[in-house]
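So the sequence shown is numbered by my numbering: it starts at 400 and just counts up by one.
Treat each hint with caution, since some may be false.
[Stated by the list, open to error] Heads up, simulated DSSO-like pairs for lysine-lysine below, C-alpha to C-alpha not over 30 angstroms straight-line:
1. Lys-527 with Lys-501
2. Lys-487 with Lys-466
3. Lys-424 with Lys-514
4. Lys-487 with Lys-514
5. Lys-528 with Lys-514
[Said to hold, decoys possible] Distance windows between CB atoms, simulated:
6. Arg-535 with Lys-409: 16 to 26 angstroms
7. Arg-535 with Val-411: 15 to 25 angstroms
8. Glu-538 with Gly-513: 11 to 21 angstroms
9. Glu-538 with Asp-422: 14 to 24 angstroms
10. Asn-401 with Ser-470: 19 to 29 angstroms
11. Gln-464 with Arg-417: 16 to 26 angstroms
12. Met-469 with Ala-421: 33 to 43 angstroms
13. Cys-423 with Glu-546: 17 to 27 angstroms
14. Glu-534 with Lys-409: 28 to 38 angstroms
15. Val-411 with Glu-537: 22 to 32 angstroms
16. Gly-513 with Gly-461: 21 to 31 angstroms
17. Glu-534 with Val-411: 20 to 30 angstroms
18. Asn-474 with Ala-408: 28 to 38 angstroms
19. Glu-471 with Glu-546: 29 to 39 angstroms
Keep in mind the hints are simulated off the structure, nothing from the lab. Keep in mind it's a predicted model, so treat the numbers as computed, not measured. The C-beta atom is built at its ideal place from N, Cα and C for all residues, glycine as well.
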Amino acid sequence: MNLYLYRIAKKVTYTIGRLYFADCKCDTLEDPVRELLDLNGDGDFNDEGEGKVYGQTAIPAGKYQVKMEMSENFNRLMPYLQDVPGFKYVMIHPGNSAEDTKGCILVGENTRPGKLINSRAWSDLLNKKLTEAEERGEENWIEIYNE
Numbered sequence: 400m401n402l403y404l405y406r407i408a409k410k411v412t413y414t415i416g417r418l419y420f421a422d423c424k425c426d427t428l429e430d431p432v433r434e435l436l437d438l439n440g441d442g443d444f445n446d447e448g449e450g451k452v453y454g455q456t457a458i459p460a461g462k463y464q465v466k467m468e469m470s471e472n473f474n475r476l477m478p479y480l481q482d483v484p485g486f487k488y489v490m491i492h493p494g495n496s497a498e499d500t501k502g503c504i505l506v507g508e509n510t511r512p513g514k515l516i517n518s519r520a521w522s523d524l525l526n527k528k529l530t531e532a533e534e535r536g537e538e539n540w541i542e543i544y545n546e
């Protein structure tokens with residue numbers, strides 16, 4: 400299954416996007432998009448002066464495989480993005496504000512600036528669709544675009 404995330408509102412403290420998957424559409428909330436540089440070419444993104452702030456930076460735009468894996472934090476299967484340069488343990492999960500992200504992607508409905516509602520319901524629906532795709536033997540991928 401393919402997921403498409405379009406970042407449509409890049410603010411100083413958060414980023415709002417639209418996520419399309421399996422004939423569904425919801426909003427997303429992420430940390431701010433920052434210009435990330437890999438000055439050493441090592442995929443680390445921890446080079447001095449590049450702009451990454453731990454737990455306060457959206458992942459780079461690109462295409463990533465998504466796998467359902469057990470989360471100790473949520474105590475259930477959750478979608479993890481694979482091989483994100485300079486980031487570890489990036490999930491798509493429920494949450495209501497940028498403080499809940501830590502570099503992850505939150506899903507829900509954006510009805511107030513920088514906030515999501517109905518996040519758990521959208522996360523559950525997404526998890527169901529991703530799990531069903533994996534059970535059919537499909538790979539799951541997300542493509543992220545900076546609009």
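Hint by hint, here is what the structure shows:
For the hint linking Lys-527 to Lys-501, the alpha-carbon distance of about 23 angstroms falls within 30 angstroms, and the restraint holds. Among the hinted pairs, Lys-487 with Lys-466 is consistent with the structure: their alpha-carbon atoms are about 14 angstroms apart, no more than 30 angstroms. Annotation: proposed proximity of Lys-424 to Lys-514 holds, straight-line Cα distance about 17 angstroms (limit 30 angstroms). At most 30 angstroms may separate the alpha-carbon atoms for a hinted pair to count; Lys-487 and Lys-514 meet this at roughly 24 angstroms.
For the hint pairing Lys-528 with Lys-514, the CA-to-CA distance comes to about 24 angstroms; that is within 30 angstroms, so the pair holds. Evaluation of the 16 to 26 angstroms hint for Arg-535 and Lys-409 yields a failure: the beta carbon distance comes to about 35 angstroms. Between Arg-535 and Val-411 the beta carbon distance is about 41 angstroms. The supplied range of 15 to 25 angstroms is therefore violated. For Glu-538 and Gly-513, the Cβ-Cβ distance of about 33 angstroms falls outside the hinted range of 11 to 21 angstroms, so the restraint is violated.
At roughly 19 angstroms, the beta-carbon separation of Glu-538 and Asp-422 lies within the given 14 to 24 angstroms, and the hint holds. In this structure, Asn-401 and Ser-470 meet the distance hint of 19 to 29 angstroms, their C-beta atoms being roughly 22 angstroms apart. For Gln-464 paired with Arg-417, a C-beta distance near 21 angstroms keeps the hint of 16 to 26 angstroms intact. In this structure, Met-469 and Ala-421 break the distance hint of 33 to 43 angstroms, their C-beta atoms being roughly 22 angstroms apart.
The given range of 17 to 27 angstroms is respected by Cys-423 and Glu-546, whose C-beta atoms sit roughly 19 angstroms from each other. A C-beta distance of roughly 36 angstroms is found between Glu-534 and Lys-409, which places it inside the suggested range of 28 to 38 angstroms. Taking 22 to 32 angstroms as the suggested C-beta distance range, the pair Val-411 and Glu-537 does not conform, at roughly 38 angstroms. Range check, Gly-513 to Gly-461: Cβ separation about 24 angstroms, and the 21 to 31 angstroms hint holds.
The supplied range of 20 to 30 angstroms is broken by Glu-534 and Val-411, whose beta-carbon atoms lie about 41 angstroms from each other. The hinted range of 28 to 38 angstroms is satisfied by Asn-474 and Ala-408, whose Cβ atoms lie roughly 32 angstroms apart. A hinted range of 29 to 39 angstroms for the beta carbons of Glu-471 and Glu-546 is consistent with their spacing of about 34 angstroms.
Taken one by one, the earlier hints fail for this structure at numbers 6, 7, 8, 12, 15, 17, listed in ascending order.
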